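A.B. asks: Line by line, the protein sequences are chains A and B.
Residue numbers for the first sequence follow our numbering, beginning at 1 and rising by one.
Residue numbers for the second sequence follow our numbering, beginning at 1001 and rising by one.
One should not assume that every hint holds.
[Said to hold, decoys possible] Chain A stretches covered by chain B per the calculated footprint, using a threshold of three residues with CB under 8 angstroms from any CB of chain B: (1) 18-26; (2) 57-70; (3) 137-151; (4) 155-163; (5) 167-173.
If you are wondering where the hints come from, they were derived from the structure by calculation, not from laboratory data.
It should be emphasised that the depicted structure is a prediction, and the values quoted were computed from it without experimental measurement.
Every residue, glycine too, gets a C-beta built ideally from N, C-alpha and C.
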Amino acid sequence: MNLEEQVRSYKDRLRIFLILFYFSENYSSTEHPEHKRNFKSEVRIQKIDFLIRNPDYLAYELLTLAAAEPLKKPEIKAIVKSIFNSSEPQLRRMEMERFFFGAYEDIDDVIGFLKSIDFIDFTSKKSTDLKTIEKQYFVTEFGINKVNSALSNLQALNWYVRRCELIKKYFGDLSGSQLKVSQYKIEEYKNASFKTFIGDISETVKTNFFNMFNERL
Amino acid sequence: MSFDYKNFVNSLQKEFESDFNSEEIKEILDLDTELTQDTPLSTGKRLEVNYIAFTGKKVTEEEQEYSDQEIDYTQEVHSGVNMWVADNLKGKSSIFKIVKFALTGQDSLKPNISKWIKHILLIFSINDKRFTVYINKEKKGIQAALYNKEFRGYPNEGEYEDEKLFSSTSKDEFQSQLEDFFFNQFDYYSLRWTQKSSAKDSDDLLEAGASWLTYFKSIFLESKDSGDLMYGAQGTKVFQMLLGLHLTSPINKLSVAKDKMLHLKGKQQSFATTQISDIQTEKSGLEDELAELNQKFSAITRAEQQTANTAPLIDEYDTLVKEMADENSRMLQLNESLQVNRRNKSKVEGRKHYLEDELRRLGKEVIKIEKQQTDIKEYLEIGVFFSNLDVKTCPSCSHTVTKEKKQNAASTHHCALCTDDISNDEHEVDTTNLNIKLAELNQLQQSIESGIVEQRNELEELRKQSNELYGESIKLEQQHAGLKDTSTINSRLEELQNTITEERKKIRPRDSEKNEIIEKKAVLSFRINQLTALPKPLGDPKIEQKIQVLIKAIAELNRIRYEEGQSVLKKLSDLMTNEVQALGLKISEISINDRFDIKYKQDGDFLSFSEIAEGEQLRAKLAFYLSLIQLDIEYNYGRHSRFLIIDSPGKEEGDKNYLEGLSKLIKELESRFGDKLQILVGTAERTLENTVTHQNVFPSQTFVF
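With the rest of the complex left out, here is chain B:
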């Protein structure tokens, strides 16, 4: 098989000469070792299980009849078909899963059963070379090892150390060690594919590869997978690997590269979109800012117009000032009036007091005069009362004072009693003088009394005036109290003054504010324009062309592979046709296209595997794998390990023809390829008993282990 890579590159370059030179094409393709990795020729190797053993204890949470039973299973396995016949749910699948665990490192046992198993020992061979897998599940985790030696007893700690190919204490590590081992033995490699990261929000594309476990799906045909011909989305990868057609690796590599590039392009686009949306965001942000500025600007303009509104404020201010002035002058007037009133009052009061004092004084004067008058009147009358009286007795000695004595005394101007000289005494009161005095006093009294009357009148007048003044003062005080509280006016004035000043202030500093806004507006407009004008091309500008190169290359390689593999695929489809027919299916022809889709021709229509009736799918599937093995055995093509585990092949397809066909096929396989392949079959179908030599039949209702 010759593939001229150089030619291939050149022809591609010609097609994309406007974009790439041949070096660039080579760089895009980046193929080297992949070109020679595949060969459809068989390695000639086969996998064979020789001995299965495991121990443990059936520990159950709930008491069962088998609780705490010791497990100690050993089973020699032979080339050809080995059959386990037992009722369902009695442990057949578990045995196969233990085989899988030993060969892949993956424990797919039901967890409760897995707990029972403590030691697994499996001897297998690749061609004639024997290997032993030992898994110790005694402790948490596992202790597993592959030995380059066959032994049937569970090894002790450190036993067969020299024969140990590898060992591990973790399932993951054990898995990868087994993968390396089997990939190496069967020339398998990991065919790649890409998948989206399962991590949320990540748009990364992850590269994944087919593992030994993936390829093991072509060995272990589990009953649950019977609906699919090949295992999952990677089925065609497994198929391609098993076929080993030339150029499979380069095609795989280029496909992965293309996927990655497509993803990158998508990312770029989304990145560009992101950037555009960033720009949009920025732009709308700027536009918002601009709108805000415009609003501010018009607000200022409005505010400036509103400053005309200080006019009413000023009017109010003026009115208040006038009111205040009025109020003040009123207050002044009132105060003046009050002062005048007070002055008058005090004048009146002064005069009143003077008059009152004067009246009191005059009253006293009158009394004094009256007293004098009384005294004089009394004096005169007492004089009359005691007049013409003779001294008759001496008050001291009580002697009678005689007439002679009195006449003698009178003539000598001596006192008749004490005989003192009384010639100079004014013995007799001058009544005339007293009467004149009395008349004078009368006159004086009258004049004083008339004065009193006058003054009383004046006082009365003054009292009236005083009352009037008092009334007036009350009135004035009331008026004064009724004056507007100028402090309120004052504070309102202050308020107005502040408001007006504030309003006036708004005008001048606002000019600078306006200018600032205009400036900012200009800057924003410029930036918005810039953002509108600038598209942002980013990333690999030739990614699309590169993708085209890859698509073209893949298509071309696929074409070449298909052409070159045509004979192999023809042989396979023929083999498959024979097998399906042998298993009782009415399929006239099977075709395999360049994408490895298998179509079954039934009643003139080409059906895909999933379109075949369910009752026929298992047979088609068996036919497919058996054909692959036969392809290897008979034509020396392909890389199947020639080892199959078929779990419950008759479960869903209770069709008598099928079972007969299956039985016949098994027998035929046994007789034809008994020494070239190994098939482990587990079935609950008692009709399949005795179809093969190596069978382990378990009576009804008994456990396999």
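Same shape as in the complex, but just chain A:
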């Protein structure tokens, strides 16, 4: 495994864990008292991951949200500006393939790793056609402790924390399907055919931003 692949694999592990950590609900179970938080649906993971990996799409969604809720315009304007000023669309972009129902990447390895080190646990049911459905993820007390103890000291990872908080703030309530519908509105996303990478929409965002705020990004 070369460095690049290793880096990618590391990052995937971190991102998926943080998604599960930040977007999960408090949970308590007598059967598994170590399960402290609960996250439902893999699709939701995929969609949130897509927003993290594609800041331009995130910006687009934010602008769409601002258009729908004008009160949020000023803060969203600042957020979008900072995203583009820090070259996030290039720096932070991690391309993602489009699968049958949108952005998708196999995360089974990552989930397996996280489970093996006891950060998370997960359950699922098999449908009659043997498909795995109703995936549920549980963040363990060990995992939560690790975040709380280690993460604040790691500056380079701070971006992920803040990004998750940001996405949670604006889109945390949305289910995976809702997010999917929202993303599908974007031409690039829609037009990316099966198994191709979803293209850059920085220019579209810039245009929308200009149209909305009469200011160039």
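Given chain A, put chain B in place with the hints provided.
C.D. replies: Below, chain B without anything else, positioned relative to chain A:
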């Protein structure tokens, strides 16, 4: 009476010997039969009307009391005095005019009355020979004939055909036939005279002759003519004819010849004048032409001097050429500057683009580096985050991985989960290397960023340059646009070139033009001189002398005639004196000169007829004609037909003495010459009733017919 024509010619020739020989004199006079044509001795013939008849119908436009009355007038007329006594406007004059119509062929009836008359029959006699005139006016025009026979009934078609002397269907022809007849009977001939053509613009001289109608004026003394002794300008001709003095015909002929020659001379002169004026016209035409040529010539000379005026044109041309050259060099300079500008611009732009590309590339590079740095940093930190972690559960089967299992696996370099050999795996990330790499990346980033800064500066500089170049190019373009439109200059140049060429052309071909004019001028001058020098004598050069010959001959013949006729004229004037005195005029003596002017001596003055008081003129006139008749009757001189028609002799002269005198004279004439003459008298004067045997008295207010 002997007249030696030969002698006459010789004496004339002597007078004009420097101009003509006697043959030429004879030729000028051209007399032959005329010399014996006249004789003062009477033919002894008299004209007498015997019967007057006419029919017709009084057709009027407006209804009158006499409308549609049939006319059927018959009247026997006798030798001596025949008198019609009727009120004025009752038809007396019409009867006399019908007589005139029958004897001359001229209808002088009032047109409305003429229309009434359909048939006229008149019997007249010359001495004892009777003739009948019949005029049929039934149809348009007339049918008239003279018969060598006396008959009183209107002839039917074809009747008396054998007795017909002549007949005609036109008045003119009938007139000339009657003229021939009477001229023949009374030895009359047509005394000639000349008159100007009545046709406008014609200066021809027409020869006219006295007609039977003219001589008839000495028969029919109409009341309207009472102011003249003799009828019109031809009166003396009538008088001469009636007298029949010897040499009258030659004198008449020579007078006509003289008149013609005088006219010819006048014409010649006027012709000469015309010719002179023609010459003048031609000359002035030529002079005009000459003047025109002179003008042309001086115009050319002027024009040649004006060709010096091409100098300003050439100056303008040169100036324009210079201007054009200046403009062109300016344009060239501008174009060059523009080109340089464009070159610089494109260089700057090229560099700009290069830098921009480079900056983009560097930007990407920086991002790539940053990304690598981020990756490494993240990698390291994620490594920290996931460090010191034990594999506790198998993600596949969820079995706990025990400490022993993990220690065993580590000592045997096998994976604790899948038990694969991991002895060759670089399990642990070499953080030192990564940190070095990170430091390298930092350095690289810094150097790239400083490069970016440099390039940005350069780009900024280039942008400034580009702006400057753009400004400059604008300025140059403006200057270029401000360049004079050389096409205007060009067309003006072309114009000037043409004008100059035109002007220059004027010089050379003008020499030949000048020569041509000089030549023409010479020809014209020559012709003008010729016209000035040449007088043009034309026509008969001796016409004046010929006229003199004629004048002399006429004068001489007149003298001879007068001398020879002296006794006749003396007898006539005596007769006239007696008559005027008998008619109550206080005239002591009457004289007749060689031109047949009659002068009446009254109170010691000789007066012409027109100078006699109006109230006495008719008596003088009657006296004149009666004397002529008496001259014939008593002395057997003259050619009067012894027939008189006197219409209204007392009209103007209501003088009681006159009427008494007239009455007495008529009675005397009747008694003395009753069988030798005939006088028809029409009068409204009732006092004249019963003066003669043959009278037709019409009661007051009744029509004669």
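A.B. asks: It remains to establish, for every hint, whether it holds in the given structure.
C.D. replies: Okay, the hints, checked on the actual structure:
1. Closer than 8 angstroms: that is the beta-carbon criterion, and the segment 18-26 of chain A has 0 residues meeting it against chain B, so the requirement of 3 is violated.
2. A count of 0 residues in the segment 57-70 of chain A with a Cβ less than 8 angstroms from any Cβ of chain B is obtained; the coverage claim is therefore unmet, three being the minimum.
3. Proximity of the segment 137-151 of chain A to chain B, defined as three or more residues with a beta carbon under 8 angstroms from a beta carbon of that chain, is established by the 3 residues found.
4. For the segment 155-163 of chain A, the stated coverage by chain B is satisfied: 3 residues place a CB nearer than 8 angstroms to a CB of that chain, which reaches the threshold of 3.
5. Under a criterion of three residues with beta carbons nearer than 8 angstroms to beta carbons of chain B, the stated coverage of the segment 167-173 of chain A fails, only 0 such residues being counted.
Of the numbered hints given earlier, the model fails hints 1, 2 and 5; all others are met.
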